[in-house]
Amino acid sequence: MTNSSATKFPETLANCAEEVEAIYAQCASAHPNFGVTKEDLAAALGTAVEKFADCSGLAGRRQSARKLRTFISELQHGDVYLALGCARGNEAAWWEFDRRYRSFIERLARHLLSTRADADEVIDHIYAELFGTKVVDGVRLSKFRTYTGRGTLQGWLRAVVSNAVIDFYRRRQDEVSLDRLEEIGEEPRVRHSRHAHAHRAEESMLATVVRERYRTVTVAALDHALGTLDDHEKLLLLYYHVDGLKLREIARLVQEPMSPIRRWFQRRGRSGRVHESTVMRWLEKAYEKVAERFRSELGAKHGLSAEEIDICMSIATEDLGHGVNLQSMTSGETSFTKVKTAEGTS
Amino acid sequence: MITVDKKAETIREMIGQRLKAVAVAELSNVPVQSHLDEDVIAAFVEGRLVDNECQPVLAHLAACGACRRASAQMVQLENQVDAATEVSDEEPGRLEAVLSRLRSAVPSINEEVVFAYQNPEETRQTEASDEAGDKQNND
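Read top to bottom, the protein sequences are chains D and Z.
Position one of the first sequence corresponds to residue 1 (the numbering used here), numbered consecutively onward.
Position one of the second sequence corresponds to residue 347 (the numbering used here), numbered consecutively onward.
This is chain D alone, in the form it adopts within the complex (with noise of 0.2 Å):
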């Protein structure tokens, strides 16, 4: 997005032009007076396809005019206008930005902050950063340029009043949240020697030395196995284990009919609703491949024997927190962290 009336059509959209012509058509007849050119639009759907062509294969290819239309054509036409509109500081794109989202922003930091006070504190700081008070080579940077119109407006709006919630507690509790997080990560280990010290007199049968030799492969093991997993079945389990959603909170994730884990898991992509047993039969399937694989490579690799294994079991519990490797379990870099990285948003 560009404040710019003069910026030159991209040459990304070349082949899109009529396209582009239309949708600005459809958005100026509605809202003539927001102060967007055609040329904004088209520089704003250039970026929109620029910051999204490596992973939709819309670069270099030939069919990338037929994709290109179709991306264009995905996009949130009226709300990049609105943003592009406020983007330019024109005050009626704000009035109407501000009739209609003002009470959702609202709700989001008022739901997610203790007190009014913080939370008008928050909306204040998210209309400042909205606006943009900074200026970088004569131009104004407005939070409306990060937005793309891939998703809608309204839900990019509450991934901004999420971030800029957790930017304030930030801010005030720097300090506390450290000392917080110093204890999450003792946690395990101060449990490890509670359960240990407690086990120590039960199970005397498990030398510490052997006890030890156990943890270490079972460790070991399991990571490998959460390893092979797909990235979409990982995610479905840090998501129900990590992160606390619901199964119907993931099914209701999953129930967009385009929605990506769900093509992962439905590859014939039926359409209805999700219901959480189904989400359940999920975790259950990638739990079972976990199963297989960690008793496969503590066989196979480890040489352990059907009994060693449920020995293996009976102490994974305890602590698995010693010893993580996030290389075995984790991808590289994407292109999108790349993008965010050259914006310069946090």
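Just so you know, nobody snuck in bad clues.
No more than 20 Å apart at the CA atoms, straight line, and that leaves these computed lysine to aspartate or glutamate pairs for EDC-like:
1) Z:K352 <-> D:E288
2) Z:K352 <-> D:E284
3) D:K246 <-> Z:E424
4) Z:K366 <-> D:E284
Covered by chain Z, according to a simulated footprint, are these stretches of chain D (three or more residues, beta-carbon under 8 Å):
5) 96-110
6) 119-131
7) 142-151
Output of the computed footprint for chain D on chain Z, the stretches with three or more beta carbons under 8 Å from beta carbons of chain D:
8) 355-363
9) 390-399
10) 411-425
11) 444-453
These are calculated hints, taken from the structure and not from any lab test.
Remember, predicted model here, so these are calculated numbers, not experimental data.
Beta carbons are placed, not taken as given, at the ideal position from N, Cα and C, and that holds for glycine.
Start from chain D and add chain Z according to the hints.
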């Protein structure tokens, strides 16, 4: 010997504990600059990304606790706060004051910005009222 049900429960617990432990370690291992932005997270949660776009996002979310938590919060907020989106009909004086304050905080730049307040509905009403007044005067 562990029973089948007990085994399944143990596996679930084991996986949950290990994932939590890894998530704690992640907090200090993922560079801040490499997070997904709001635009991508919102599009992901709304199911707007196509397969090719989605794969790197899935990979990032599976690896980055901060972004995953942000996306999880989007889902939770969608359930808790989005039930009804109200449209505010409040008079624009508050917004005018906000924009005026923000503008005064911005260093002077040559923007092609319309700073006069324009509410299309209000403008239409004023014009209609003026026209009616003119007509009465003429009569």
